[in-house]
Structure formats: C-alpha cells, structure tokens
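Q: Given next are the chains, with one letter for each unit.
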Amino acid sequence: MKTVLKTGLIALWLSLGTAWSAPITFNTALPVHEGGYVLREQLVFMKIGDDPTPAGREMEVTGLVSVLGYGLSRDLALFGMLPYLDKRLDMEMSGQDITRSKQGFGDLTLLGRYTAYEYNAPGRTLRIAPFLGVKAPTGDDTARDRLGRLPPQVQPGSGSWDALVGAVLTWQTLDFQIDSQVSYKANREANGFEAGDVAAIDASLQYRLWPRSLGAGVPAFFYGVLEANLVHSAKDRSGGVDDPNSGGTTLFITPGLQYVTRKWIVEAGVQVPVIQNLRGTALESEYVLTAGFRINF
Amino acid sequence: MKRTLQIVVLAIGLTLGMVPAMAAPQAYKLRVDGLSCPFCAYGIEKKLGAVKGVQRIEVDIASGTVAVTMAEGATLDEAAARKAVDEAGFSLRSLEQAPAVPQSTLREEAK
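In order, the protein sequence lines correspond to chains V and A. Start counting the first sequence at 142; every next residue gets the next number (this note's numbering). Start counting the second sequence at 22; every next residue gets the next number (this note's numbering).
What the hints contain is simulated information worked out from the structure, not anything from laboratory work. What you are looking at is a predicted structure, and each value in this text was computed from that prediction instead of being measured. Glycine included, C-beta positions come from ideal geometry on N, C-alpha and C. Treat the hints loosely; a few may be bogus.
Said to hold, decoys possible - Here are some, though not all, of the chain V residues that point toward chain A, as calculated from beta-carbon distances under 8 Å:
1) 177
2) 203
3) 207
4) 257
5) 264
6) 266
7) 357
Unchecked claim - Cut-off 30 Å, straight-line C-alpha distance, at most; resulting in silico cross-link-like pairs (DSS-like, lysine-lysine):
8) 404(V) with 67(A)
9) 50(A) with 67(A)
10) 73(A) with 104(A)
11) 404(V) with 104(A)
12) 67(A) with 188(V)
13) 404(V) with 73(A)
14) 104(A) with 50(A)
15) 104(A) with 67(A)
Isolated chain V (complex conformation) (with noise of 0.2 Å):
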C-alpha cells in the first residue's frame, strides 16, 4: 500500500513546476518571467484498492495542492508546494471494518529549477532545465485514533526531510508541446520509517485542437494531452528491514484537456494505471483524478 500510494504522490511531487502551460503531471522548462509570479491550484483525487489480502483494504486520498512559482531572474525559477491531503484507509480487522483517516497540510517542498540551455526562434523554443528540490516534514507525521498511532500512508506528513532532483526538457510550438522529465526523489527515515526511493520517467504531448489556424492578437487555445509516467519505487525500509511488499514499476497514462489564454489555464486529466508490476502484497492504483486552473501575475 506504501509503495502505491507513494507512486501517486510522485504525480503531486513532479508536477511542482508546473506553473506554465506546460504538462499536467509533471514540470515544464517554460520561463517565469522575471519578478513574475504564477499560482497552481490542482484539485488531485486518488483511489487505490485490488487488496489481495483478507483485510480488503482500500484507500482514497483527495489532495489541495498549491504551488507558487517566482522567476528570480530569467533563468531560475524558484517553485513551492504545499498540499491540503485528506486521507482515508478502509479494511477489515476481525470481521470488523475499520476506517483510520485524517486531514491536514502536508509537507511542503521547495524546488529551484534553472533554464542551462535555451533555443528560440519564431514561433518555438527549446528548453532544457534541470531542477533540485527539497522536502520539509512540515505535515504532521505523529497524528494517531482510538486504534493509535497512524501508519505512514495515513499520515499528511513523511517526518523527512527528502531530496528531489532531475531534468526536463520542453519544445514548443504555436500547434504543439513535448515535455520529458527525468526525476530522482531520495527518501530519508522519520519515525522507524522509510520510503523507497522513486525514480521516474515522464512525457507529455499537448496539442492545440482549437483554433485551428491562428488569427490576429492573442488567442485562447484549447489543447488535447496525452502524457505517460513510468514510476519505479524501490522497497520501503521499516524498522532497518526492507518491506517485501513494497516497491514496483507503475506506467501511468493521462490523457487530458487544457484550455489556456493568457493570464490563465483550466484543465483536467484522468491518470489511469496501464502496467502496474507491484511487489507482495501492494495495493493497486486504480485511477487519480486531476482538475485545477493556474494564473500569472
């Protein structure tokens, strides 16, 4: 279930950058202007379930994630995210179901990204932009019920501090976008606890449905997407002993739809597991849902 529930997060985590018109899972190479300010709120609700185990398991995660992005010069742009998470576990215990939950602000991650190269000419651009982030346990990672303390997967906070570094590359034209990411998030112990290290491939493809041929000025565009993430997450460490059933590969697909102007951007997409390829006893993803709207100011 760590590992599951880890392997969706990594979709909050990756799309930090994700302030510009850009992919909806994860980051973009696209300027902030300098001084300029850009605002993402995503509404993420995910649901993850197939228990092979007696205990029926199921858990739902429906997550408020605000990332504020500041172009510090024209080349680095310095990210912040902090999710709201609410976060319900259902099974069953000795015939009895049980429901453990809590609500609360998560840890919030930092992340600087800089533009090391840069090609433009009319009507496109080329960018690649390595980035590096941290993790503070600002969420609470101690939270207990009346059956005690929480797991790890309930609790809105790691207890770590984690490290998150890669690179993505964005071309974009006035008819379409190609994102690909490469990502590296380091996880740290907290509490006993250890998450697997996640490593993660990603591409996007957004391509302008309308207008189909541009007019004068600066019109709204309305773009279809198509994104694949391939996750791998490695075993969970608990109590200094790797969890045999934690960690495995997840190839997500996202086909979604954006509509952009330019002070601001709608969209939504539905992240459906294509081949998960889990160890033990982990539970399985079912879909994670996405809808939110960024502005520039």
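Chain A: place on chain V using the hints.
A: Leaving out everything else, chain A in the frame of chain V:
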C-alpha cells in the same frame, strides 16, 4: 510687402501642419523569438509595459511580433526593449520603427 506676407502665411501654415505629425506617437514592431503560446504573452506585455514611455502593447503570437506604441514624445530604446524581452524569457530578433500612429487614433481607441 505682399510677397513677405505670403511667405509668413506659408510658414505659419507649414508649421501648423507639421505639429500633428511631430506629435504623433512613435510606434515600433518587435520580432520576438520563442514566443509560442498565449500564456507566454503575458510576461512580454508586463515587461515591455514597464519600459518608460510605452503606452500600448499588442502581441501577435502567430507572427511572433509585438507592436509597441509610445507616449507622445517618447522613443523606444533598443537596449531597453531587448532587456525587457530577455527578462520575459525570450529573445529579441529585431526592432524596427513602424509608421507613427495618429494621435486621433489613440484617442478613439482609448474611448
């Protein structure tokens, strides 16, 4: 005397005729590379709008151009325009002066 009067009248007429032309705001056409989506246009507008003397900005993403109209008596320095475009995250390919916009046109548009 009659000839002198004719010259004076002609000079006054020419001067009065030139005043509107001299007062017409300067306009420029900027070609910007890398500008390829609506969301990107805002940064260009904001940065160029902060340049002293800029009165109006019109972005055309299909042609990758930005039309800039200056306030009366102001001119657009290429270095300032290049800096603004650069800070927006794009590249200035060229800047050329466009035909001056009649003041009356701006007043009509402002209404």
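Q: So which of the earlier hints does this model not fit?
A: Hint check: 2, 3, 4, 12 fail, others pass.
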